[in-house]
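Chemist: Construct all of the structure, not just a fragment, from the sequences and the given hints.
Okay, here's what each chain looks like letter by letter:
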Amino acid sequence: RKEVEQDPGPFNVPEGATVAFNCTYSNSASQSFFWYRQDCRKEPKLLMSVYSSGNEDGRFTAQLNRASQYISLLIRDSKLSDSATYLCVVTEGGGATNKLIFGTGTLLAVQP
Amino acid sequence: NAGVMQNPRHLVRRRGQEARLRCSPMKGHSHVYWYRQLPEEGLKFMVYLQKENIIDESGMPKERFSAEFPKEGPSILRIQQVVRGDSAAYFCASSPKTSGSPYEQYFGPGTRLTVT
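Top to bottom, those sequences are chains C and B.
Position one of the first sequence corresponds to residue 1 (my numbering), numbered consecutively onward.
Position one of the second sequence corresponds to residue 113 (my numbering), numbered consecutively onward.
Accuracy of the hints is not assured; some may be wrong.
[As the list claims (entries may be wrong)] Using C-beta positions, here's what the derived DEER-type ranges look like:
hint	chain 1	residue 1	chain 2	residue 2	range
1	B	Lys183	C	Pro112	49 to 57 Å
2	C	Pro112	B	Gly140	18 to 26 Å
3	B	Lys139	C	Arg1	37 to 45 Å
4	C	Lys45	B	Arg176	25 to 33 Å
5	C	Glu56	B	Glu175	42 to 50 Å
6	B	Glu152	C	Gln69	23 to 31 Å
7	B	Ser178	C	Gln31	28 to 36 Å
8	B	Ser178	C	Ala17	43 to 51 Å
9	B	Ser170	C	Arg1	13 to 21 Å
10	C	Ser68	B	Asn119	38 to 46 Å
11	C	Pro112	B	Gln129	42 to 50 Å
12	C	Ser81	B	Lys174	37 to 45 Å
13	B	Glu152	C	Ala17	21 to 29 Å
If you're looking for bench data, these hints aren't it; they were derived computationally from the structure.
All residues carry an ideal CB built from backbone N, CA and C; glycine is no exception.
Modeler: As structure tokens, then:
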């Protein structure tokens, strides 16, 4: 079983649509959770951290369910510029390491 | 306010040569991480360093790969006797002291290594 699993997509949606990505992680000791976005042949960019209470940043809402080991990202009113690969990322677990474990990403293509 | 800097951005090496990849963390960040992204794959952790210390190298291949973060200067990822399978994008990330959480890491633009 992969440590972080995501639906690879692609998700093809029209501008203005709402799209949701889901992610599951296998290590119950993971303590920190993130969504990054990666444009083609570019570096990952931090989109948002994910907190247990859920958090929102503009059109983006992230949710975390520790009991189910499940993370989600909701994008409302999609823009063409949202087209990218969205990476679900968790830390490995307790201890001194800050190792990030990446999912393979979900590709989003927003169509005009 | 410069972000994480990496150089070179592109590096071509013949099989058997050495590759040296450099990373300067964001100002105020004392933690450096190296990740590798093979073609069509996700990012994989390689090593985590603080100044003059390797904290976690569990993702480093056992041979040919080494990393350092000296007291002065950038962090260096060194690959000796490169092989075609080393062709990948190598990303460096940095974070501030982890007195708080979460451990947000910010990535540099990467070095694309091509081994011919």
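Chemist: Let me make sure I understand: some of the numbered hints might not hold for this structure. Which ones are they, in numerical order?
Modeler: 2
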